[in-house]
Amino acid sequence: MNLDNFIKNILKKTEDKNFSESEIYLNKSQNFEVRLYQGEVDYYEENEEYGLAFRGEINNKMGYSYTEKFSDELIDDILTRAENNANIMDEEEKIFSGSKSYKELSETKGIYSLDRTKKIDLLKKLEKKIFEYDDRVRSINYCIYADEKSGEEIVNSKDLNLNFKNDISYIYISVVVEDEGEVHTSSHYKLFRDLDEVDPDQFVKKIIEDAVRQFGAADIKSGQYPVILRNEVFIDMLSTFSSTFSAENVQKGLSLFEGKMNEQVANKVVNIVDDPFYAKGYRRTPFDSEGAASKYKEVIKKGKLTTYLHNLKTAKKSSVQTTGNAYRSNHKSKISISPTNMYLKKGEADFTKLKNQIEKGLLVENVQGLHSGANQVSGDFSLSARGFFIENGDIAKPVEQITISGNFLKLLKDIILIGNDFKMGLPGSGHFGSASILVKNLDISGS
Amino acid sequence: MLSKSLLENIIDTALSEGGDFAEIFVEDKITNSINLINGKIDSANTGNDYGVGIRVIKDTNEIYVYTNDDQKDNLLKLAKKAAGMFKKADLKSSRLRFADYDNLHPVKIYPADLNQTEKVEFIRRAYLTADQYDELITQVVVGLSDYTQNVQIANSNGVFVEDERSRVRLGIQAVASLEGEKQTGFQGPGAHMGFELFDQIDITKRAEDAARMAVTMIKAGHAPQGKMPVIIDNKFGGVIFHEACGHGLEATSVAKNNSVFSNKLKEKIASEKVTAIDDGTIAHQWGSQNFDDEGHKTQRNVLIERGILKNYMIDFINGRRLNMKSTGSGRRESYRYAPTSRMTNTFIDNGEYSREEIIAATEFGLYAKHMGGGSVNPATGDFNFNVREGYIIKNGQIEKPVRGATLIGKGADILKKIDMVANNLDLAEGMCGSISGSVPAGVGQPTLRVSELTVGGRGEKE
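Keeping their order, the protein sequence lines are chains G and A.
Heads up, the first sequence stops at 447 in the numbering used here, and the numbers go up one at a time, no gaps.
Heads up, the second sequence stops at 462 in the numbering used here, and the numbers go up one at a time, no gaps.
Source of the hints: derived by calculation from the structure; they are not laboratory data.
A few of these clues could be false.
Derived lysine to aspartate or glutamate pairs resembling EDC-like cross-links, with alpha carbons at most 20 Å apart [to be verified]:
#1 A:K81 with G:D42
#2 A:K416 with G:E182
#3 A:K417 with G:D219
#4 A:K40 with G:D90
#5 A:K72 with G:D72
Predicted, not measured: the structure shown is a model, and the values here were computed from it.
Take the sequences, apply the hints, and build the full model.
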């Protein structure tokens, strides 16, 4: 589909309307996904899609609209909708003419176009190995291979013209194991840009061991315990609470970090970075969704909060420079704020060292319910969890049907040791990473 | 929208290489959303979602492709490509039969009939009420969203459906602050109808309730931890059944033996106090539709009757896997998703007690007056959900509010532990996320008591 003419025609028609400035944001994405079931591909998907967003300024107010229909006769609708929206806005917003310079970043070369049968064969191999590894594997409820490729393009009346593409591939598998009527599940994922990065044996070992080690799990007595949060668990928590770094939420009284700039908000071992250039990140980009240059920054440095994440609107309100964190998840969303690739910097402790710090405590392998059991405004969380009880530095028994509760601010202050098992999670609005962490204590509810 | 002859042509092309079933889903949807924060309109966006999804199935294997480009050549090319995934020709010729139907959800005031300024009035009314409710209210966020979705669904069995769905929803979040802490309250009324919604619901009352919840919670202590009886109130309290059991009764997980309720038909899986229903036909209810997204009429499906498992929620392809009929449960967020079995409006039916009787019969426990969301692992039945507004019950009376409670347990256990059910069934609105995207889902129940659940809080059990 050639959209260049359509874009030109829209921008040309804005001259007949009241827009003083205007901008087109184009989202192009491709995805390929297969799901395997009992040796057969039982779901296959391959798509290419486009979305186009318009925004235009009228009396310093911004009007938004979007479309997935690309026909010239609809241009009037697109512009009229944006005009009607500009007319009810109370907040001011500006179209950007561009930053002085942008980091030179080469686009990744992923494997979207690589022979599909190689990908399916890898998945088949994994499925086969899983069933061979342990006869307590009852079923595989998800066995997914996916390639995702997405591109952003910004063209505006202030002569800005930017585009950048990103791609990533991943395998996600979830297994069900059963022994004498007792059922457990475990899931595991691997992100990569080359098939060679996947070690099938290691993948299978990780997922099965994690599943079967849960046999015999029970709850524990309620109380406060020191806790190790596994890397994937803290990745999910960081992702959930990352909205608190947004200057927009701070200015609107919806952030825990309001009034805490330059204060010690975390233990001094904690360094949290937002890195739009991080090679393994899926949110790698030289510019943000408003066209401002992306920047590397340490959001929390040695436990001290050093910056909020800004777009142009919040930066203007706070009289600072934008941090290049303007974000649109796609053409349908307005400009907001999001981290790019955000991660807790890894420490030096290996896993044994983390465990050895605990006399009686918990290793949390998995939490559920972050979308409902964690409140981004108050920072409170109470999550369903499973893992292992640790006694004198050793894993003593599996634990399930417990909740871990606390407050994100207190958790940051209670991180006393950081592991070296760093990994990146599955990408969402931001792409988050972490190693496992040792937390002084959390409230555990069991029996 | 596409012509009948083009739809037939696409279906035939999609079956030209050996698939045994083909389906087209055409979606043309106008969406609109307006948000207010700090008393100011902060964002407004209007758009047109448009695309065509083509699905080809052979036995129980499926191919799904979609596109925004509805030019005939492109659609036929795409259908051919999807067809080519299955080998061996098996030519058919499709004749679609247009399905006439009575619209159960007629719209009086279409979203497009009101201009943005008129819509802002509803938002401001909610904002002003919540903002002035109490001096502890420090922030109010109000969002209004509406859409009208037109779909065409056609398949190689001759099904040809055109349906229109309009939905309107208002979200009111109030934030209360005290001594550096914040707590929130929420109300989110919505329906499968137009803006006549606001003739039926009282915006002022809803906004007050959101503010009241935030103010109550900011003054509340921490919820206790440990196992205790839990009374869950009606309306959105039904999220407990939705999470703990509803997902496990979707054919998506049942058919592949990934649910705790697989192979349990006709067995007693719940206390005999429990009758549970999924009903996509209730007029104007949030999760209702004339047809599901596979062109099958929605139904009232009794899932559990007096504790006995009667039926699952079934879509086309999982119907093949289970050798059972579709129950009109095939749903998807948009043309970007292949459909799968999902809930519509799911609720536990009325029992015999009153709310007051249940509270009076409880010596010590948690009263969950407003629930938040939750999630479940269908294979193990492990669920969790959070309580937005909770109270401690002592000696048969509501003692004091508590915050931060999470309820966890196993779906199969909780169904057996429901020991009192009231007679005040009512429904509420939610969004449900799963493998075919996020869809509007109604939840509901009368007030009921679970004899024992694990409550995860930060306070001591007294």
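Practice task
Find the hints from earlier in the document that the structure breaks and name them by number, from lowest to highest.
Solution key: none
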